[in-house]
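Visitor: Now for the letters of each chain:
2 protein chains.
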Amino acid sequence: MVRVALDAMGGDLGVAEVVAGAAKLSREERPVRILLVGDEAAINTSLAEHRYDPRWIQIVPAKGIVAMDAKPRAALDGMPNCSINVAARLVRDGEADALVSAGHTGATILAASDCFERLPGIRRTALAAVYPTEQRHGPRGDPFALMLDVGATLNATAEDLVGFAVMGAAYAQIISDNDAPQLALLSNGSEPSKGTPAIVEAHKILSKMDALSFAGNVEGLDIPRGTVDVIVCEGFLGNVVLKMLEGVSEVVTDIARDAAARKFLWKMGLTMLSQGIRQLRSMTDWKQYGGAPVLGFDRVVIKAHGRSNARAIRNAVKVAAKAVDRDLAGQIRELRG
Amino acid sequence: MVRVALDAMGGDLGVAEVVAGAAKLSREERPVRILLVGDEAAINTSLAEHRYDPRWIQIVPAKGIVAMDAKPRAALDGMPNCSINVAARLVRDGEADALVSAGHTGATILAASDCFERLPGIRRTALAAVYPTEQRHGPRGDPFALMLDVGATLNATAEDLVGFAVMGAAYAQIISDNDAPQLALLSNGSEPSKGTPAIVEAHKILSKMDALSFAGNVEGLDIPRGTVDVIVCEGFLGNVVLKMLEGVSEVVTDIARDAAARKFLWKMGLTMLSQGIRQLRSMTDWKQYGGAPVLGFDRVVIKAHGRSNARAIRNAVKVAAKAVDRDLAGQIRELRG
Numbered sequence: 001m002v003r004v005a006l007d008a009m010g011g012d013l014g015v016a017e018v019v020a021g022a023a024k025l026s027r028e029e030r031p032v033r034i035l036l037v038g039d040e041a042a043i044n045t046s047l048a049e050h051r052y053d054p055r056w057i058q059i060v061p062a063k064g065i066v067a068m069d070a071k072p073r074a075a076l077d078g079m080p081n082c083s084i085n086v087a088a089r090l091v092r093d094g095e096a097d098a099l100v101s102a103g104h105t106g107a108t109i110l111a112a113s114d115c116f117e118r119l120p121g122i123r124r125t126a127l128a129a130v131y132p133t134e135q136r137h138g139p140r141g142d143p144f145a146l147m148l149d150v151g152a153t154l155n156a157t158a159e160d161l162v163g164f165a166v167m168g169a170a171y172a173q174i175i176s177d178n179d180a181p182q183l184a185l186l187s188n189g190s191e192p193s194k195g196t197p198a199i200v201e202a203h204k205i206l207s208k209m210d211a212l213s214f215a216g217n218v219e220g221l222d223i224p225r226g227t228v229d230v231i232v233c234e235g236f237l238g239n240v241v242l243k244m245l246e247g248v249s250e251v252v253t254d255i256a257r258d259a260a261a262r263k264f265l266w267k268m269g270l271t272m273l274s275q276g277i278r279q280l281r282s283m284t285d286w287k288q289y290g291g292a293p294v295l296g297f298d299r300v301v302i303k304a305h306g307r308s309n310a311r312a313i314r315n316a317v318k319v320a321a322k323a324v325d326r327d328l329a330g331q332i333r334e335l336r337g
Numbered sequence: 338m339v340r341v342a343l344d345a346m347g348g349d350l351g352v353a354e355v356v357a358g359a360a361k362l363s364r365e366e367r368p369v370r371i372l373l374v375g376d377e378a379a380i381n382t383s384l385a386e387h388r389y390d391p392r393w394i395q396i397v398p399a400k401g402i403v404a405m406d407a408k409p410r411a412a413l414d415g416m417p418n419c420s421i422n423v424a425a426r427l428v429r430d431g432e433a434d435a436l437v438s439a440g441h442t443g444a445t446i447l448a449a450s451d452c453f454e455r456l457p458g459i460r461r462t463a464l465a466a467v468y469p470t471e472q473r474h475g476p477r478g479d480p481f482a483l484m485l486d487v488g489a490t491l492n493a494t495a496e497d498l499v500g501f502a503v504m505g506a507a508y509a510q511i512i513s514d515n516d517a518p519q520l521a522l523l524s525n526g527s528e529p530s531k532g533t534p535a536i537v538e539a540h541k542i543l544s545k546m547d548a549l550s551f552a553g554n555v556e557g558l559d560i561p562r563g564t565v566d567v568i569v570c571e572g573f574l575g576n577v578v579l580k581m582l583e584g585v586s587e588v589v590t591d592i593a594r595d596a597a598a599r600k601f602l603w604k605m606g607l608t609m610l611s612q613g614i615r616q617l618r619s620m621t622d623w624k625q626y627g628g629a630p631v632l633g634f635d636r637v638v639i640k641a642h643g644r645s646n647a648r649a650i651r652n653a654v655k656v657a658a659k660a661v662d663r664d665l666a667g668q669i670r671e672l673r674g
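The listed protein sequences correspond, in order, to chains D and R. Residue numbering for the first sequence is 1 to 337, as defined by our numbering. Residue numbering for the second sequence is 338 to 674, as defined by our numbering.
So here's chain D without its partners, still in its complex pose (with noise of 0.2 Å):
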C-alpha cells in the first residue's frame, strides 16, 4: 500500500480542491493511503463537504503555508513546521512513500532537497513536465510527451544534461509502459554539432549509452509535434519553452471562442464548433497529466500544477504511487549504469 504525504494548503484554488481530489481517490477501487497535511480545522470542514473512504485519508496537522511569492529558503527555515517541511519530513522518516504538492514550486523542490538525498550520479535533480503534442507515445498510445529541465537551473553541463536523459527515460518507462523511450536533445539543428558545447558533449556520452534509445537532436518544431518521447534541455531554455506552450494554448482557445461568438451564429454551427474547441482543449489540458516529477533525488516528489483542481490533484497522487510502485529510484539507478 502506497503512502502519499500531500501538501493541502498549496495550490491556487485553495484548501478545499486539493481535499476534493483526496476524497475523490479515496472511494475509487484502487485507492491509494493520502496523509493530508495541513491546518487540521480547515481540513476537516472541508472534508465534511465531501463523500470520501475515512480508511484511506489521515490528517496530519501542519502550520503554516508558503505563500506564491515568499522566499523558498527564508519561509522554510521561518516556519519549520508548515505544511511542505512536515510533508516531505513524513517521507524522510519513513511514514510516507511520496511527495506531492501543488504549492510553490521552488519551495517544494527545496523542501525536498533538505530532507531526501540525491541519487548517485545525479548531480543535479530536474524539474520534468508532461506536455501534449501531435503524435502519440509509447504502448497505450500516450498523446503526451516528457520534457526536462523546466525548473529554471542555468548553464547545465553535458554531466547535466544526461542526467537528465537518463531520469526523463526512467520516468517515461514508467508512466508509459514504454520500455525504450525515444529520447533527445534540444538543439538549433538536428546534426550533432548544432547547439552550445555542452550540447555537442552530452550527444557524444549519449550516443554512447546503450541502455538508452538515443535518438540525437531534435529542433523547436519538434517539441509541439511530439518526435520523441523524452526531450532534454537545461533548464532556462525548458522554462521559456514550457510556459510558452501553456500561452499558445491560452491563445488557440481565445481565437477560437473569439471566432465562434463572432461568425457562427446558427445554434448548429456553434454547438458544432464547441466540440472542437473542447478537442483542442483537452490535448493541452495539463490538469490531466498528473503534475510534474522532480526527478533525482532517492524519493518520489510530484510537483502539482498551482491551478490544480480536483481532478489534476487526484491524478497527481495516482502517478505518484505509481512511481513508488515501480520503483522510479531503481529505475533511474539501472539507466545510469
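To be clear, the hints were calculated from the coordinates, so they are not data collected in a lab. From the three backbone atoms N, C-alpha and C, an ideal C-beta is built for every residue, glycine too. Incorrect hints may appear among the rest.
[Claimed, not checked] Simulated DEER-style distance windows between Cβ atoms:
hint: 1; chain 1: R; residue 1: G674; chain 2: D; residue 2: R118; range: 45 to 53 Å
hint: 2; chain 1: D; residue 1: N155; chain 2: R; residue 2: G674; range: 25 to 33 Å
hint: 3; chain 1: D; residue 1: P120; chain 2: R; residue 2: E671; range: 57 to 65 Å
hint: 4; chain 1: R; residue 1: P480; chain 2: D; residue 2: S190; range: 25 to 33 Å
hint: 5; chain 1: D; residue 1: A180; chain 2: R; residue 2: A378; range: 49 to 57 Å
[Claimed, not checked] Looking from chain R toward chain D, a few residues come up when the C-beta cut is under 10 Å (computed):
hint: 6; residue: M338
hint: 7; residue: M416
hint: 8; residue: P417
hint: 9; residue: L447
hint: 10; residue: T533
hint: 11; residue: E556
hint: 12; residue: P561
hint: 13; residue: L574
[As the list claims (entries may be wrong)] In the DSS-like style, the derived pairs of lysine-lysine whose C-alpha atoms are separated by at most 27 Å in a straight line are:
hint: 14; chain 1: D; residue 1: K194; chain 2: R; residue 2: K580
hint: 15; chain 1: D; residue 1: K71; chain 2: R; residue 2: K531
hint: 16; chain 1: D; residue 1: K204; chain 2: R; residue 2: K408
hint: 17; chain 1: R; residue 1: K541; chain 2: D; residue 2: K243
hint: 18; chain 1: D; residue 1: K208; chain 2: D; residue 2: K24
hint: 19; chain 1: R; residue 1: K400; chain 2: R; residue 2: K361
Start from chain D and add chain R according to the hints.
Guide: Just chain R, lined up with the frame of chain D:
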C-alpha cells in the same frame, strides 16, 4: 525610387515563384524597381508566363545557386558569380538599395557580411522574425510582434542583447509605424534578477536608455500573447522558440482538420469549421509578414522564408523598400545614441 536586388534562384518553390512575385508587384500602384538576379534563361521563361510591367523589372545574370544543404563559406567562395553573391555586390556597389533572398539563410547573411559594413556600435548582426500574436501592436493594430535574434548565434553578451534591442525597436518603428515600440528581454521570470548574467546585465543597461521603451523581462507565456512589440533574446533560444511556433501552427491546423474530418459529417458544419481554421491559419501564416530582416548592416537585407510563394516574395520586396525609404540604418544609429 527604391531598387531591390532580388535573388531569383533562392527559395524552395523555385525561380518561377520568385519571378511571379516580382511580376505581381510590377503591376501595382506603387511599384519598386526589381533587379532579378539569376539564370537569365530561366527568369525569362518564367517572366513569359506572367503579365508584368517591364519598366520595373530588370534581369541581372548570375551563374550558380547555393543549395539549401551547402556549407555557406565554401559555396560562396566556390561560385563567385552565384545569384546571392551578385545580388549582394549590386547593393554594395550602389546599383541597388536593398537585398532580398528566399535562399540559404546562412549564405545570405554571409554574402551580406562580405559586402556590407556593420553599423557603428553594433558588434553583431541579428536575424529578426515577425510572428503572429494574440494582442495587436502599434497604431495600425498589426497582429504580429518582432523577435530577435532568431539566427542561432550562441552566447550573446549583454552588449549584443542591447544591440538587438536597439535594432528591433528601430525596425518595429519603421514597419509598424509605431513611434515607441515596447520591448522586453525574454527570461525565466519578470524580475530584473532573473535570467543568465548577460540578461541581467542587459536589463540594467536598457533600463537607462531613454530613447527606448523598455518594459523589462517577459516570459514564455508572453510570446504568443504578444505582451510587447519586440522580444529580445539570444539566438539559440530564439531559434528554438521560432521553430516551435511554426510547429504549433502546423499541429493546430492538423488537429482542427482531423476533428473536422472525423466528427462533423454535416456539410454546413464542415463549411463553418473551415472558416475557423482559415482564420487561425491566417493568423499563423508567416507568408503575409514579408520576411525576416537581417539587422545590423549599413544596407537593408531581408531574408524571405524558404517556402515563400509569390505573395510572400512580393511582401518581402515591399518591406525592403519601406525600410530603405524610411532609412532603417539611420534610425538604428539614432536609437543607439
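Visitor: Which of the numbered hints above does this structure break?
Guide: 6, 7, 8, 9 and 18
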